[in-house]
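Enquirer: Given chain E's structure and the hints, the job is docking chains Z and B onto it.
Residue numbers (my numbering), protein chains in the order written: chain E, 1 to 142; chain Z, 143 to 654; chain B, 655 to 766.
Calculated directly from the structure, the hints in this document are not laboratory data. Please note: incorrect hints may appear among the correct ones.
Claimed, not checked - In the EDC-like style, the derived pairs of lysine to aspartate or glutamate whose C-alpha atoms are separated by at most 20 angstroms in a straight line are:
#1 Z:K307 to B:D757
#2 Z:K329 to B:D703
#3 B:K754 to E:E101
#4 Z:K331 to B:D703
#5 Z:K299 to B:E760
#6 Z:K196 to Z:D631
#7 Z:K599 to Z:E516
#8 B:K754 to E:E62
#9 Z:K166 to E:E104
#10 Z:K299 to E:E139
#11 B:K752 to E:E101
#12 Z:K196 to Z:E209
#13 Z:K348 to Z:D441
#14 E:K99 to B:D711
#15 Z:K331 to B:D711
#16 Z:K299 to B:D757
#17 B:K762 to Z:E416
#18 Z:K329 to B:D721
#19 B:K752 to E:E62
#20 Z:K438 to Z:E516
#21 E:K60 to Z:E252
#22 Z:K307 to B:E760
Said to hold, decoys possible - Far from chain B by the CB rule (all over 10 angstroms, computed), these chain E residues:
#23 G14
#24 L25
#25 G33
#26 I46
#27 I49
#28 S54
#29 L85
#30 F93
#31 V110
#32 L133
#33 K142
Don't be surprised by glycine CBs; every beta carbon is placed ideally from N, CA and C.
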Amino acid sequence: MSTIVKRVTPLLAGLIFLYGIYIILHGHLTPGGGFAGGAIIAGAFILLILAFGSSALNLKKEVAGSSNTESIALLMVVVLALMALLFGTKVFFFNYLPKGEPGELLSAGVIPLYNIFIGIEVAGAILTIFLALVIFKEESSK
Amino acid sequence: MDALIPLFVAIPLISAFLIVILGKLVKGFHRFLAPLTLLVLLILAVYEFTGLGKISITYAMGGWTSEGGVPVGIYLVLDGFSVLMLCIINLIGLIALFYSLSYITKYTAESNYFALFCLIIAGMNGVVLSGDLFNLFVFLEVSVISSYALVAFGVGKTELEASFKYQVLGGLASMLILLAIGLIYWKTKTLNIADVRNVLDAGYSKPFYLFVQVLLIAGFGLKAAIIPFHAWLPDAHSSAPSPISAMLSGVLIKAVGIYVLIRLFFNMFVFSYEIALVLTSLGAISMVVGSLLAIKQWDLKRLLAYSSISQVGYVVMAFGMGILLLLRGNNEAAAVLAIGGAIYHMINHAVFKGLLFLNAGAIEHRLNTRNLKEMGGLSKAMPVTSTTSFMASMSISGIPPFNGFFSKLIIVIAAINGRFYLLATLAVVVSIITLAYFLKFQRFAFFNKSTGKALDKIKEVPFAMSFSMIFLAVLCLALSLLALPSVRDSILSPAIDVLMQSDLYFTSTLGL
Amino acid sequence: MTVYILCFVLFLVGLYGLITRRNLIKIAISLSIMEFSIFLMLVLIGYIDNGLMPIVDPGLSAQVYVDPLPQAMVLTAIVIGLATTAMLMAIAIRLYRKYKTFDIREMKNLRG
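Excised from the complex, chain E in its bound form:
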């Protein structure tokens, strides 16, 4: 890719990443939430890979990193859901953290935590799919 693309893309990728985090964190106040924000964060990373080419990366380490991130985030979601069996009315998926005022950022109990972990998980999953396809192309074109 040309020099203009290689100069502009890191700035843009940073802004897109920030926008994705905004959508995840405000998931209980505005439309969006974990899935949409996670897809936007993955988009930021994919933009960087497209601009700089796959030779600028260490592909095995990248795909191991994103795969582990995805699995750990999913395990945290299930652990959070199972921890609800210990508090309150002892039901799976119960909302056991204190709920504040509706409309504030730190409210609605355990839902923002679910949004964050689901966002990390979706970003990791989409990035792993993309990197797996890139690795397959690299290996079969040798």
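Expert: For chains Z and B alone, coordinates are given in the frame of chain E:
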């Protein structure tokens, strides 16, 4: 008892992702964690089964109970029929997993296989337990997408082609199911299965719901591989690795195909004569065409796959007969027999078809071929495989004292009691044709003279594989005890009751 | 009522593409078109006349909102559609490496 219900879904999810992370760090971790997970699930399932009796438990996730009689949460329902399906799924899953501990050494990337296997079990447990339509769709997709990946596991030309065909038809089926769920939500404004029945009892417009029921028959018929929706099954089940073929043919087409169809048609929709007629005729046609197509097959696993279509036809036909008898109203005992026979045949088919596919895998493991013309004389070289496959073949053809005889007998007696003489004749004729092609399998694989392969180099399969086959063969004999009335009452009657009396289903779920 | 008929027409367009196209990628795209038509229909089912978007403003009193349940269903179903399409594409790429073509008429190994 109550708090154990969500564990059926949570435990396999956790272990699947733990295998993905820790499989790279610790060698052989998956060999230890995956069988342990399924053993825990099987113990939980048997515990729930023995402790349940005639009641049904409803679990509201997140603590959202009903406000003013309208359910607002997602419910998980455990009643007689679901707990029976849970036991079958986890038992066959454990046996197939144990078998694959030594089978999987042919492939690379072993930890991915076990993670996907745990995901299939998680998805199927979720489908069987779900009391809410969209939750059922999500878990159906989880299990089915994992099965697409497992069918294509050994990435050769035939496996990839079979998996692509399976995915396209499976994707079409999921879209039809989602369309039907959308249409049901439009008219009833609720997604809870019991609440939909409540709304339908107050009055409904018949043509609209006939359209929705036909969409559901098409969608779940594609998943359960009834004729004319069977085109993916021979390719997918013969190209998959053998323990996955056993899981797919024995459990998946029943848990996400027939189970959901029966749950929705008995407990959610009001009975209608046209749909019952369609179900019975599709079942009868599957029964006949599946067995006729299996006669000329020379590939061993394709023969077993076509015979799966035929046996699933038995089950669907028996359920259809049950609905027709309940609609007629004057012969309740025959309806109980028909539905009981169908559930019994579902259990039996899971066991003996799983055993047959494991046998085919053992033969393929040692001879590297699936063509019946290239085998021969294996009865001396592989005694365990030969004996267990003989027992399974006798079971599926309906020879006493194995379990297949009793379940087919119950279905035929129900057909004669309900005066469906044509269906009874077809059932008996198809059973004879089944005996014909299974005798062909036995003769060419085990009892012929060998056609050139040096027989002294072929040994028996390793311990894990033979133990699984022997366990399933013993279970074939033990399940024939289910025909005794006392045993039948304690195991099958809760399932039959919850299906026939839908009031029982929805007052217990909406009573919260 | 016409919007639902148009969604169904889009579903049939996707179905036509699924049946008649020979290229593997076009089959995958047709399956995606079918999915999107159903998502559109689901969101349109929840529309109530003169309803606001279903976000509660703590200052105002109770208003008429559109139904948020189909919107939650569609969010989940979009992620499921993503997984289905990713699986199809992975298999399609591997098939291309084996057969050197995307044409589905060349892949005739399994018959009978």
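Enquirer: Of all the hints given earlier, name the ones this structure violates by number, lowest first.
Expert: The structure breaks hints 3, 8, 9, 11, 12, 13, 15, 17, 19, 25 and 32; every other hint is satisfied.
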